[in-house]
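From first to last, the protein sequence lines are chains A and B. FYI, in our numbering the residues of the first sequence are 1 to 407. FYI, in our numbering the residues of the second sequence are 1 to 289.
Derived by calculation from the structure, the hints in this document are not laboratory data. Note that the structure is a prediction, hence the values are computed from the model and not measured. Note that the Cβ used here is the ideal one computed from N, Cα and C, for glycine as well. Worth double-checking, as some hints may not be accurate.
Reference listing, derived: stretches of chain A covered by chain B, where coverage requires no fewer than 3 residues with Cβ under 8 Å from a Cβ of chain B [stated by the list, open to error]:
{"hint": "1", "segment": "197–208"}
{"hint": "2", "segment": "240–249"}
Calculated pairs, DMTMM-like style, for lysine to aspartate or glutamate (alpha carbon to alpha carbon, straight line, at most 20 Å) [unchecked claim]:
{"hint": "3", "chain 1": "A", "residue 1": "31", "chain 2": "A", "residue 2": "268"}
{"hint": "4", "chain 1": "A", "residue 1": "299", "chain 2": "A", "residue 2": "380"}
{"hint": "5", "chain 1": "A", "residue 1": "334", "chain 2": "A", "residue 2": "353"}
{"hint": "6", "chain 1": "B", "residue 1": "130", "chain 2": "A", "residue 2": "268"}
{"hint": "7", "chain 1": "A", "residue 1": "351", "chain 2": "A", "residue 2": "268"}
{"hint": "8", "chain 1": "A", "residue 1": "119", "chain 2": "A", "residue 2": "353"}
{"hint": "9", "chain 1": "A", "residue 1": "162", "chain 2": "A", "residue 2": "118"}
{"hint": "10", "chain 1": "A", "residue 1": "292", "chain 2": "A", "residue 2": "59"}
{"hint": "11", "chain 1": "A", "residue 1": "371", "chain 2": "B", "residue 2": "176"}
{"hint": "12", "chain 1": "A", "residue 1": "297", "chain 2": "A", "residue 2": "95"}
{"hint": "13", "chain 1": "A", "residue 1": "117", "chain 2": "A", "residue 2": "95"}
{"hint": "14", "chain 1": "A", "residue 1": "28", "chain 2": "A", "residue 2": "76"}
{"hint": "15", "chain 1": "A", "residue 1": "292", "chain 2": "A", "residue 2": "353"}
{"hint": "16", "chain 1": "A", "residue 1": "117", "chain 2": "A", "residue 2": "82"}
{"hint": "17", "chain 1": "A", "residue 1": "247", "chain 2": "B", "residue 2": "223"}
{"hint": "18", "chain 1": "A", "residue 1": "80", "chain 2": "B", "residue 2": "57"}
{"hint": "19", "chain 1": "A", "residue 1": "376", "chain 2": "B", "residue 2": "127"}
{"hint": "20", "chain 1": "A", "residue 1": "201", "chain 2": "B", "residue 2": "223"}
{"hint": "21", "chain 1": "A", "residue 1": "28", "chain 2": "A", "residue 2": "82"}
{"hint": "22", "chain 1": "A", "residue 1": "201", "chain 2": "B", "residue 2": "57"}
{"hint": "23", "chain 1": "A", "residue 1": "96", "chain 2": "A", "residue 2": "71"}
{"hint": "24", "chain 1": "A", "residue 1": "80", "chain 2": "B", "residue 2": "263"}
{"hint": "25", "chain 1": "A", "residue 1": "338", "chain 2": "A", "residue 2": "353"}
{"hint": "26", "chain 1": "A", "residue 1": "31", "chain 2": "A", "residue 2": "71"}
So you can see what is in the structure, the chains are spelled out below.
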Amino acid sequence: MKTKSIASLLLTTALTFAATGAAFAQDKTVKIGALSDQSGLYADLGGPGSTLAAQMAVEDSGLAAKGWKIDIISGDHQNKPDIGTAIARQWFDVEKVDIIVDVPNSGVALAVNNVIKEKNGVYINSGAATSDLSNAQCSPNTVHWTYDTYMLAHTTGQALVKAGGDTWFFLTADYAFGAALERDTSAVVTANGGKVVGGVKHPLNTPDFSSFLLQAQASKAKIIGLANAGGDTTNTIKQAAEFGIGKGGQKLAALLLFLTDVKAIGLETAQGLNFTETFYWDMNDQTRAFSKRFAAKMKNSAPPTMVQAGVYAGVRHYLKALEALGGNSHDGAKIVEKMKSMPTEDDLFGKGEIQPNGRTIHNAYLFEVKKPSESKGPWDFYKLVGTVPGDQAFTPLSESKCALLKK
Amino acid sequence: MQALYAQLLVGLINGSFYALLSLGLAVIFGMLNIINFAHGALYMMGAFVAYFLLNNDYLSIGYWPALIIAPIVVGIFGMILERTMLQWLTGLDHLYGLLLTFGIALIVQGVFQNYFGSSGLPYAIPDQLKGGMNLGFMFLPVYRGWVVVFSLIVCIATWFLIEKTRLGAYLRAATENPTLVRAFGINVPRMITLTYGLGVGLAALAGVLSAPINQVRPLMGADLIIVVFAVVVIGGMGSIMGSIITGFALGVIEGLTKYFYPEASNTVVFVLMVLVLLVKPTGLTGRAA
Numbered sequence: 001m002k003t004k005s006i007a008s009l010l011l012t013t014a015l016t017f018a019a020t021g022a023a024f025a026q027d028k029t030v031k032i033g034a035l036s037d038q039s040g041l042y043a044d045l046g047g048p049g050s051t052l053a054a055q056m057a058v059e060d061s062g063l064a065a066k067g068w069k070i071d072i073i074s075g076d077h078q079n080k081p082d083i084g085t086a087i088a089r090q091w092f093d094v095e096k097v098d099i100i101v102d103v104p105n106s107g108v109a110l111a112v113n114n115v116i117k118e119k120n121g122v123y124i125n126s127g128a129a130t131s132d133l134s135n136a137q138c139s140p141n142t143v144h145w146t147y148d149t150y151m152l153a154h155t156t157g158q159a160l161v162k163a164g165g166d167t168w169f170f171l172t173a174d175y176a177f178g179a180a181l182e183r184d185t186s187a188v189v190t191a192n193g194g195k196v197v198g199g200v201k202h203p204l205n206t207p208d209f210s211s212f213l214l215q216a217q218a219s220k221a222k223i224i225g226l227a228n229a230g231g232d233t234t235n236t237i238k239q240a241a242e243f244g245i246g247k248g249g250q251k252l253a254a255l256l257l258f259l260t261d262v263k264a265i266g267l268e269t270a271q272g273l274n275f276t277e278t279f280y281w282d283m284n285d286q287t288r289a290f291s292k293r294f295a296a297k298m299k300n301s302a303p304p305t306m307v308q309a310g311v312y313a314g315v316r317h318y319l320k321a322l323e324a325l326g327g328n329s330h331d332g333a334k335i336v337e338k339m340k341s342m343p344t345e346d347d348l349f350g351k352g353e354i355q356p357n358g359r360t361i362h363n364a365y366l367f368e369v370k371k372p373s374e375s376k377g378p379w380d381f382y383k384l385v386g387t388v389p390g391d392q393a394f395t396p397l398s399e400s401k402c403a404l405l406k407k
Numbered sequence: 001m002q003a004l005y006a007q008l009l010v011g012l013i014n015g016s017f018y019a020l021l022s023l024g025l026a027v028i029f030g031m032l033n034i035i036n037f038a039h040g041a042l043y044m045m046g047a048f049v050a051y052f053l054l055n056n057d058y059l060s061i062g063y064w065p066a067l068i069i070a071p072i073v074v075g076i077f078g079m080i081l082e083r084t085m086l087q088w089l090t091g092l093d094h095l096y097g098l099l100l101t102f103g104i105a106l107i108v109q110g111v112f113q114n115y116f117g118s119s120g121l122p123y124a125i126p127d128q129l130k131g132g133m134n135l136g137f138m139f140l141p142v143y144r145g146w147v148v149v150f151s152l153i154v155c156i157a158t159w160f161l162i163e164k165t166r167l168g169a170y171l172r173a174a175t176e177n178p179t180l181v182r183a184f185g186i187n188v189p190r191m192i193t194l195t196y197g198l199g200v201g202l203a204a205l206a207g208v209l210s211a212p213i214n215q216v217r218p219l220m221g222a223d224l225i226i227v228v229f230a231v232v233v234i235g236g237m238g239s240i241m242g243s244i245i246t247g248f249a250l251g252v253i254e255g256l257t258k259y260f261y262p263e264a265s266n267t268v269v270f271v272l273m274v275l276v277l278l279v280k281p282t283g284l285t286g287r288a289a
């Protein structure tokens, strides 16, 4: 009796393993976690819109019709690295999430980067700016999609220095993102013969910038570089106008500005600002068509920001890679490797590629905010000033400190 | 040295918001014994009402009338809150009022955020107050100058109303001994409701004043309220003059911190709060309960 039950137990175990093995080869279940700032100062540029973008990517992939089961969950990291990593861990351990997308706020993004590497998941970061994600802290599990501080510095920063803005004062958000953006932009300014005359670090989410703006004014720098984002940038720009900066000969450089920020400031105040984005809804027929579908599903009928567009494009590419692999192996590094081996192409960013360090390369565009008289609709804000090809906008591999390149 | 004067002035401007808000809190705490955590949300509502008045196709009511209308509208909302919810807490521990108003704040903010997102809405400075003047040591936007002057007037008027008029005397008496005051034929519950409306109206007024400077955002009050509470605690809970003076003083101290060590500007107020409470637990001008 005893031998018989042991034998049957062994048999059952063997059968279970065989069954799991077969399922492994063609597992067509995927779980996507959209981790974002859902309620704070970056919620409009990522947040619920990023979750929607991921949903649309899943729908547009057509995989459901082919028998795939793809679920999406979302979470709020509240701009706190400890909360972000706690959610990421719970998602991998309990919810069995395969991939985390979006994650604005560089501090949270870098912390989550480590968790995803440890759990061998996939990380498509669209929201965070720090160039470290594909540089010093690159990971075999990470793809950095939309933009980064190196790109912002080498497009907006360079253009302004070349136009004569050779002395800079920085207003910097006091966390990982601000530090990275100031570092990368300072390097560009000095490399082009300019000089950084000073700077001030302000706490994240500051309502009043007048003290900092006074210091910037007193520095007499030609350019006041804003190394901050979201609500901080909108408040700075608004209050700078109030203090007569601009009229006094100094120029504001919004190194990072999103569509929703321009909406929040209003064209009256924002007109004439130069900045860089990698996506704008009104670029061509494809972007307009997508944005129309997107806006129809958004509560405030807002078209996608570049962060949300990046979530869409990233998830689309990820699902393409899974399809090419024939199923979900749940092996993050292997899937990211596949993603890197395939050229990227979608309606929103056009053709591109993912470099070995995880950096997605695509065009970057220099924009200028329209005058109120030039704007024809509620979201008609940008004038295209120039296009920078991807290979010139992002970190050249020769300069990258990414350990993955040293194989 | 010039930069230092400039920072002092800017600090005074921020201080006027702290003063207006903490004044409302002090009035409500002093008279109703409620720690009004919804104050930040009501401040935000003031800014939003101003925004709606201006951007509604039928109304298009600008800044000046909004300065009166918005506080009245939000004040009425406050009085409804008081009638329907807060009045049931009379005589209970402070903690209940704090929890209830905190819940109200979360709901109000959540509703606004759901509808308007988080990045905010633009509100232009009224034409009459555009531009600025060169003071030699700094460029002072006319609007900010106006904020300081107007807040000072409102603060002093409120102090006068409560400390020096007959109505104020009734009010103070009603908080000391409601039964006795009622015996004189005075409708105490109505007076309490009106007082809450007044405190809330002050918050909404600060909201309208702040709309052209800061973005009109659902979380604008949440970001500010903790600092304002620190101001009230430092000034002495419920002390009218204490909250006005501390409001302005803390604005200045914060401004100076932004100049000398900007990274600490968000925490300096709390450091001060700890120091004051260690030395004088009732706050600078507070009376022992």
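Results of checking the hints against the structure:
{"no.": "1", "hint": "197–208", "verdict": "holds (count 8)"}
{"no.": "2", "hint": "240–249", "verdict": "holds (count 4)"}
{"no.": "3", "hint": "A:31 with A:268", "verdict": "violated (44 Å)"}
{"no.": "4", "hint": "A:299 with A:380", "verdict": "holds (18 Å)"}
{"no.": "5", "hint": "A:334 with A:353", "verdict": "holds (17 Å)"}
{"no.": "6", "hint": "B:130 with A:268", "verdict": "holds (13 Å)"}
{"no.": "7", "hint": "A:351 with A:268", "verdict": "violated (35 Å)"}
{"no.": "8", "hint": "A:119 with A:353", "verdict": "violated (25 Å)"}
{"no.": "9", "hint": "A:162 with A:118", "verdict": "violated (43 Å)"}
{"no.": "10", "hint": "A:292 with A:59", "verdict": "holds (16 Å)"}
{"no.": "11", "hint": "A:371 with B:176", "verdict": "violated (60 Å)"}
{"no.": "12", "hint": "A:297 with A:95", "verdict": "violated (27 Å)"}
{"no.": "13", "hint": "A:117 with A:95", "verdict": "holds (17 Å)"}
{"no.": "14", "hint": "A:28 with A:76", "verdict": "violated (27 Å)"}
{"no.": "15", "hint": "A:292 with A:353", "verdict": "violated (26 Å)"}
{"no.": "16", "hint": "A:117 with A:82", "verdict": "holds (16 Å)"}
{"no.": "17", "hint": "A:247 with B:223", "verdict": "violated (31 Å)"}
{"no.": "18", "hint": "A:80 with B:57", "verdict": "violated (40 Å)"}
{"no.": "19", "hint": "A:376 with B:127", "verdict": "violated (25 Å)"}
{"no.": "20", "hint": "A:201 with B:223", "verdict": "holds (19 Å)"}
{"no.": "21", "hint": "A:28 with A:82", "verdict": "violated (32 Å)"}
{"no.": "22", "hint": "A:201 with B:57", "verdict": "violated (41 Å)"}
{"no.": "23", "hint": "A:96 with A:71", "verdict": "holds (11 Å)"}
{"no.": "24", "hint": "A:80 with B:263", "verdict": "holds (18 Å)"}
{"no.": "25", "hint": "A:338 with A:353", "verdict": "holds (12 Å)"}
{"no.": "26", "hint": "A:31 with A:71", "verdict": "holds (5 Å)"}
In this structure, the hints that do not hold are numbers 3, 7, 8, 9, 11, 12, 14, 15, 17, 18, 19, 21, 22, in rising order.
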